[in-house]
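These are the residues of each chain, in order.
Protein chains: 2
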Amino acid sequence: MAFVAHIDVSLKAGILDPQGGEIERALPALGYSNVSDVRVGKTIRLVVDAPDAAGAEAQVVEMCDRLLANPVIESYSVDLEPVATGSSV
Amino acid sequence: MAFVAHIDVSLKAGILDPQGGEIERALPALGYSNVSDVRVGKTIRLVVDAPDAAGAEAQVVEMCDRLLANPVIESYSVDLEPVATGSSV
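Taken in order, these protein sequences are the chains called E and X. As numbered in my numbering, the first sequence has no gaps in its residue numbers, which increase by one up to the final residue, 89. As numbered in my numbering, the second sequence has no gaps in its residue numbers, which increase by one up to the final residue, 189.
Since the hints were derived computationally from the structure, they do not count as laboratory data. Please note that a few of the clues may not be correct.
Unchecked claim - Taking lysine-lysine and the PhoX-like style, the derived pairs with C-alpha atoms no more than 25 Å apart in a straight line are:
id, chain 1, residue 1, chain 2, residue 2
1, X, 112, X, 142
2, X, 142, E, 42
3, X, 142, E, 12
4, E, 42, X, 112
5, E, 42, E, 12
Claimed, not checked - Short derived list, chain X residues pointing at chain E, Cβ under 8 Å:
id, residue
6, 108
7, 136
8, 140
9, 143
10, 144
11, 146
12, 149
13, 150
14, 170
15, 173
Said to hold, decoys possible - Simulated coverage check for chain E against chain X, where a stretch passes if three residues somewhere in it have a Cβ under 8 Å from a Cβ of chain X:
id, segment
16, 17 to 31
17, 39 to 52
18, 65 to 76
From the three backbone atoms N, C-alpha and C, an ideal C-beta is built for every residue, glycine too.
Excised from the complex, chain E in its bound form (with noise of 0.2 Å):
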């Protein structure tokens, strides 16, 4: 049965986020001064291949925890969802 995993990796609270940092000091050269606290992170969406969704679930953390993510300075969060079988949404 195929899932589609959707990933959310963001820094952590406290972690340094020097991409942001630059986004918060172009806007208001675009003159929106009134914007704070910006944080930018990444999505992966996966499709995965598993018996059920426990098995999926499983996976795609254990996935985040050795490649997707960095858990020393990333946290992350998995949203799952079946497909059809041989889908590709």
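Since chain E is already given, all that's left is putting chain X on it; use the hints.
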């Protein structure tokens, strides 16, 4: 009034995603050969001060078009929620 905007920026369908392709090539080497259709996007979380939600959303959409996303190759979605004034959630 302050609003937290969650912006989700992803490559449009059909646009080559080298980062996603690289992850897809790396996963089998780690023993995950049941993963496909990997796509990577980014999220931006920011706080905007605006008189009302409609104004805040209009401004965030404008910022996406001008700076945060590349409308030629990327699509984005905006989620807005109010926060107590002065909070930096």
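Status of each hint after checking the structure:
1. 112(X) <-> 142(X): Status holds; Cα separation ~13 Å.
2. 142(X) <-> 42(E): Holds, at about 4 Å.
3. 142(X) <-> 12(E): The hint holds at about 16 Å.
4. 42(E) <-> 112(X): holds, 16 Å
5. 42(E) <-> 12(E): Distance ~13 Å between residue 42(E) and residue 12(E) Cα, so the pair holds.
6. 108: Cβ of residue 108(X) sits 7 Å from chain E, so the hint holds.
7. 136: Where the cut-off is 8 Å and the nearest Cβ of chain E is about 5 Å from residue 136(X), the hint holds.
8. 140: holds, 5 Å
9. 143: OK, holds: residue 143(X) within 8 Å of chain E, min 4 Å.
10. 144: holds, 5 Å
11. 146: With a closest approach of 4 Å, the residue 146(X) hint holds.
12. 149: Holds - the Cβ of residue 149(X) comes within 8 Å of chain E, reaching about 4 Å at its closest.
13. 150: holds, 7 Å
14. 170: violated, 14 Å
15. 173: Violated: closest Cβ of chain E sits about 16 Å from residue 173(X), beyond 8 Å.
16. 17 to 31: holds (count 6)
17. 39 to 52: holds (count 12)
18. 65 to 76: holds (count 3)
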